[in-house]
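Participant: Turn these sequences into a full structure, and let the hints guide you.
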Amino acid sequence: MALDIQSTVNANTARIALSGELDGSTAPKLRETVDKILAGKPAQLVLQVEKLTFMASAGLRILIFAKQKQPNLKIYLVKPQPAIVDTLHKTGFYDGVFVTDAEPAGA
Amino acid sequence: MSTATEDRIDFYPTHEADGIRFRRGRPLPFGATIVPNGVNFSVFSSSADSCTLVLFNKHEPRPFAEIEFPREFRIGDVYSMIVFDLDYETLEYGYRFSGPWDPAAGLRFDKTKILSDPYARVLGGRDVWREQPDWNDIYQHRARLSFDDFDWEGDTALEIPTKDLIIYEAHVRGFTADPSSKVSAPGTFAGLREKIPYLKSLGVNCLELLPIYEFDEWENNRRHPETGELLLNYWGYSTVGFFAPKAGYAATGRLGMQVDELKNLIKELHRAGIEVMLDVVFNHTAEGDQRGPYISYRGIDNRTYYILTPEGYYYNFSGCGNTLNCNHPVVRNMVLDCLRYWASEYHIDGFRFDLASILGRDQNGAPLSNPPLLESLAYDPVLSKCKLIAEAWDAGGLYQVGSFPAYGRWAEWNGKYRDSVRKFIKGELGMVGEISNRIQGSPDLYWYRGPTASLNFLTCHDGFTLRDMVSYNGKHNEANGEWNNDGANDNNSWNCGWEGESTDPGVNALRRQQMRNAATLLFLSRGVPMLLMGDEMGHTQGGNNNSYCHDNAVSWLDWRNVEKEKELLRFFTKLLAFRHAHPVLRGNRFFEHRDYVGSGKPDIGFHGTRVGQPDWGGASTVLAYLLCGKHATPQDNDIYIAINMYWDGLPFQVPPASDGKSWRVAINTSMRSPEDIYDSAGGPRVDSAEVIVGGRSIMVLVA
Chain A
1 MALDIQSTVN
11 ANTARIALSG
21 ELDGSTAPKL
31 RETVDKILAG
41 KPAQLVLQVE
51 KLTFMASAGL
61 RILIFAKQKQ
71 PNLKIYLVKP
81 QPAIVDTLHK
91 TGFYDGVFVT
101 DAEPAGA
Chain B
1 MSTATEDRID
11 FYPTHEADGI
21 RFRRGRPLPF
31 GATIVPNGVN
41 FSVFSSSADS
51 CTLVLFNKHE
61 PRPFAEIEFP
71 REFRIGDVYS
81 MIVFDLDYET
91 LEYGYRFSGP
101 WDPAAGLRFD
111 KTKILSDPYA
121 RVLGGRDVWR
131 EQPDWNDIYQ
141 HRARLSFDDF
151 DWEGDTALEI
161 PTKDLIIYEA
171 HVRGFTADPS
181 SKVSAPGTFA
191 GLREKIPYLK
201 SLGVNCLELL
211 PIYEFDEWEN
221 NRRHPETGEL
231 LLNYWGYSTV
241 GFFAPKAGYA
251 ATGRLGMQVD
261 ELKNLIKELH
271 RAGIEVMLDV
281 VFNHTAEGDQ
291 RGPYISYRGI
301 DNRTYYILTP
311 EGYYYNFSGC
321 GNTLNCNHPV
331 VRNMVLDCLR
341 YWASEYHIDG
351 FRFDLASILG
361 RDQNGAPLSN
371 PPLLESLAYD
381 PVLSKCKLIA
391 EAWDAGGLYQ
401 VGSFPAYGRW
411 AEWNGKYRDS
421 VRKFIKGELG
431 MVGEISNRIQ
441 GSPDLYWYRG
451 PTASLNFLTC
461 HDGFTLRDMV
471 SYNGKHNEAN
481 GEWNNDGAND
491 NNSWNCGWEG
501 ESTDPGVNAL
511 RRQQMRNAAT
521 LLFLSRGVPM
531 LLMGDEMGHT
541 QGGNNNSYCH
551 DNAVSWLDWR
561 NVEKEKELLR
571 FFTKLLAFRH
581 AHPVLRGNRF
591 FEHRDYVGSG
601 KPDIGFHGTR
611 VGQPDWGGAS
621 TVLAYLLCGK
631 HATPQDNDIY
641 IAINMYWDGL
651 PFQVPPASDG
661 KSWRVAINTS
671 MRSPEDIYDS
681 AGGPRVDSAE
691 VIVGGRSIMV
701 LVA
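Residue numbers (my numbering), protein chains in the order written: chain A, 1 to 107; chain B, 1 to 703.
Please keep in mind that the hints were generated in silico from the structure rather than gathered at the bench.
There may be inaccurate statements among the hints.
Here chain B is said to cover these stretches of chain A; the calculated rule only asks that three of the stretch's residues, wherever they fall, bring their Cβ under 8 Å from a Cβ of chain B [claimed, not checked]: (1) 29-35; (2) 46-60; (3) 64-77; (4) 85-91.
One-sided excerpt, in silico: chain B residues whose CB lies under 10 Å from chain A [to be verified]: (5) N57; (6) D87; (7) E89; (8) D149; (9) A185; (10) A190; (11) R193; (12) A251; (13) T252; (14) G256; (15) D260; (16) E261; (17) N264; (18) L265; (19) K267; (20) E268.
These numbers come from a predicted model, not from an experiment.
In this text, a Cβ means the ideal position worked out from N, Cα and C, and glycines have one as well.
Facilitator: Listed below in C-alpha cells is the structure:
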C-alpha cells in the first residue's frame, strides 16, 4: 500500500500530513522526512493522520526515534483513527504524544 | 563524533553473495544484534560441520537469501557474521546446520530443517492466539529482531522486601479471556493491564505470571474423544524460545508489537506498586523426545542442550519428553543471559523456576551437591535484587523442599505447607505440632535460611482451586480426555459432605467457613503468601485439578463472581489489608520464643483452650497463639489467634491484653459477612476472659 507524505516547516512547527498505510515498506520514506525536519530543531511536530488507515510497529518506532533524538520535541497526532489510538494505548506510546482533534494552539 | 564511528572500516561489508553484502561478525553476544549499518548474527554449535544463515521477508514462504558462513567466520565453535542493508522491521531469520546424523552419539543434524535462534528475542509464527498455523510452512517459529527503544519513563524494578510480598499467581489469558471481564482486549497483556485497579484494590503487590515465553498452544493439540472439545497447550509449560514473549498473549501480536505491549503492562504494574514475577521453564523445551519437532536446540547442538541416555535417547526428568542440560556450561550461560535479559530489558522483579530440582542435576542426571547454575544465579550481579523461587522438586523423583541448594538467596514453594495445612483444615488428627512450624515460616525446614525462604501456598494453577478444595474429595478430570488418569491423587481435600456443587445450606455454609479458615491461616503465617488467581472470588474448575489443556470456561475467570461472591472477596481484601497493617505477621527472622524487647511477653507464645497450655497431643485439633507486636515495631498490635478445627464450638481462655488495653475481634470465620472480618484495628471489644470459637473456625483478636 502506498503512503503519501506532505511536509511543511513553519517557524518552530513542522507539519507532516500522512495518508495511506504506514508499515515496514513505507516507513523508511517517513523516517527520511522526519530526519530532515529534526535537523532544523523544531519545537513541535504535528502529524495530520486523519487519512492514515494503518500504522505498524515501524511507524511508531519513527516517533520514538524522534523523541529520543530530541527529547523536548512535542509530537501531536491530529485525528488519528480509533485503531491507531488503540495500538498507542496498548503499547504504551500514548503517553509520549499528544492526541488531538485539531491543530494545537500556537502552531 | 557519530560520523567518525560510522566511518570505521569494520562497519563495511567485505563479502557479497546472492546480492547480500556481509562481513565477519563478532562472536559475542549470541543472537541477532543491531550494529551500525547492519545486524550481527552469532550462534554456537560444538559439533556442526557448517552453518547457513537463512533470511526471509516477514510471512514469505521462501527465504530471499541463504548465506553459508565462510570458514573464516567461525571462531572456536561460534559462527558470526554482520549482514548489511537489512530491513529490521520485516526481517525473519533462521539457521541451517549440517553435521553428522548419529543418534547413538547424540548427533541429530538435519540440513533440511530451518532452525530458530536459541537467543531469538521475538518469534513469529504464532502471532495470534489459537489462529490455525500454516502447517506446511518450512519455518514454523521465525526469529525476528527486537528494538530496545521502549520509553520506561524512569521505571525500575520495585525491590519490595521479600517479607512484605503478597503474590498473586495468574495466567495471562485465563485472567481476562472470559467476556465477563469486559476488557477491550480479552486474554492479553493489554487486557490484564485494564485489571490493574482490581489487583491493587485486592491488596496484592506481586503478580506471578504463568509462562509467557513463546510457546506453541498447538503443541500436542487434540480433540476430546467424547465431547470433541479442542484441547490445547494452554498453560504453556513448554518453551519454544526463552528470550521471546508469547506473541499470542499480545493484542498487538498481529503487528509484531508484543515486546512493547508486555513492557507497557510491566511499567503500569510497577506504577501501581505491583512487582512482576515470571514462572520460567528451563527444565525442558517444546521439542519433546526423538519423535518431536525440530525447532532449534535439537538441530543446532543436540548433545549440548539435552541430557541424553548412553544410547542417545532423551532423559525425561521433566515428564515432558526431554531434559535441558542446564549444568552444561554453555546452557548455563544461556540461562543466565536469558534471565539477565528479562531483568534488565523487561524490568522483571523475580523468577519462579518450574521443576527447579532439574537445574541441580549434572550432565548424566545425577543430583549435584553444589550445582553451578543455582550458585551462579544466586550470586549473579545483574540478578542480585531479583527474587529467586524454586519449585523444589522434579518429575524424576527429586524432592528438595527444605534442602534445595539455596546459597542464602533461593526461596522455595513450600509443598509441605500446602499439604499440612490442607490436612489440618479438613480435621485430620496429629497435625498440631506440624502446623505450629508451618505458621512460623517452617523453621524446621528453613532454620538456617529464615522464614522468607518459605513460599506459603494452599493452591496454585496445578491442583484444585480453593473452592474446589472444599467441594470435592477427588479429582474430576474427565474433560481432559485421559479417563481421569491425569492429575494428582493426593489432594488432601474435603467436600464438606457432598461431592460437587450443592444446594444444601449447611454444606455451603461450611464451605464458606473452610475457605475463610484456609485464607486466614495462609495470610497470618510467617513466610511469603501466594494466592491463586480467582480464589478470592470462589473460582471453580468443577473439580478439575489439572486444567493444562483447557482454553475455555474451566480455566477462565468468571468475573461475574466479583458480584456473586462479594462477601468472600471482601473477606480476602480485608485479610490482605490486615497482613499489610501488622508487621508482626511478616518478620524476616524466625520467632525466638522469648522476650527480647522488654515487652513482658515472648515474641510468640503458644496456648490451648487454656492459657499457656497448648495441647500437642495426637488427638488435638486445637491451637492458639499470641504474637507480641512490640517485637516487630513499637506501635504494632498484639495478635491472638485461636484455631479450632474440632467439629464443635469450644471455649478458649483469652490471655490478658498488654498495657491495660482490650482485645477486639478482627476475624471470626464462623460469622457471616460483614461480621467475619473487621478493619485492621479490630471490631467489637472482648470483655470476657473466655471466647467461644465455633466448630471448624478461627478467631483472631487484636489489642
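Participant: It remains to establish, for every hint, whether it holds in the given structure.
Facilitator: Consistency of the hints with the structure:
Residues of the region 29-35 of chain A lying with their CB closer than 8 Å to a CB of chain B number 0, which falls below the three-residue condition for coverage. Check on the region 46-60 of chain A: 4 of its residues sit with their Cβ under 8 Å from a Cβ of chain B, so the three-residue criterion for coverage holds. Counting residues of the region 64-77 of chain A whose CB falls under 8 Å from any CB of chain B gives 4; the rule of at least 3 is met. Using a Cβ-Cβ cut-off of 8 Å, 5 residues of the region 85-91 of chain A lie near chain B, which meets the minimum of three, so the contact claim holds.
Restraint check, N57 of chain B versus chain A: the minimum CB separation of about 9 Å is within 10 Å; hint holds. Taken as an interface hint, D87 of chain B checks out: its beta carbon lies about 6 Å from the nearest beta carbon of chain A, inside 10 Å. Against a cut-off of 10 Å between C-beta atoms, the interface hint on E89 of chain B holds, since the closest Cβ of chain A lies about 4 Å away. Satisfaction of the interface hint for D149 of chain B is found here, the shortest Cβ-Cβ separation to chain A being roughly 5 Å, below the 10 Å cut-off.
A cut of 10 Å between beta carbons decides the hint on A185 of chain B: the least distance to chain A is about 7 Å, and the hint holds. About 4 Å separates the beta-carbon of A190 of chain B from the nearest beta-carbon of chain A, less than 10 Å, and the hint is met. Interface hint at R193 of chain B: satisfied, since its Cβ lies 8 Å from the closest Cβ of chain A, which is below the 10 Å cut-off. Here the hint on A251 of chain B is kept, as its CB sits about 5 Å from the closest CB of chain A, short of 10 Å.
The criterion of a C-beta within 10 Å of any C-beta in chain A is met by T252 of chain B, whose closest approach is roughly 5 Å, and the hint holds. Because the beta carbon of G256 of chain B sits about 5 Å from the nearest beta carbon in chain A, less than 10 Å, this interface hint is met. Interface restraint check for D260 of chain B: the shortest CB-CB distance to chain A comes to about 4 Å, inside 10 Å, so the restraint holds. The restraint placing E261 of chain B at the interface with chain A holds, with a minimum CB-CB distance near 5 Å, inside the 10 Å limit.
Here the hint on N264 of chain B is kept, as its CB sits about 3 Å from the closest CB of chain A, short of 10 Å. For L265 of chain B, the interface hint holds, since its Cβ comes within 10 Å of a Cβ in chain A; the closest pair sits about 8 Å apart. Residue-level restraint check for K267 of chain B holds (minimum Cβ-Cβ distance to chain A is 6 Å; threshold 10 Å). Here the hint on E268 of chain B is kept, as its CB sits about 8 Å from the closest CB of chain A, short of 10 Å.
Hint violations for this structure: number 1 only, all remaining hints satisfied.
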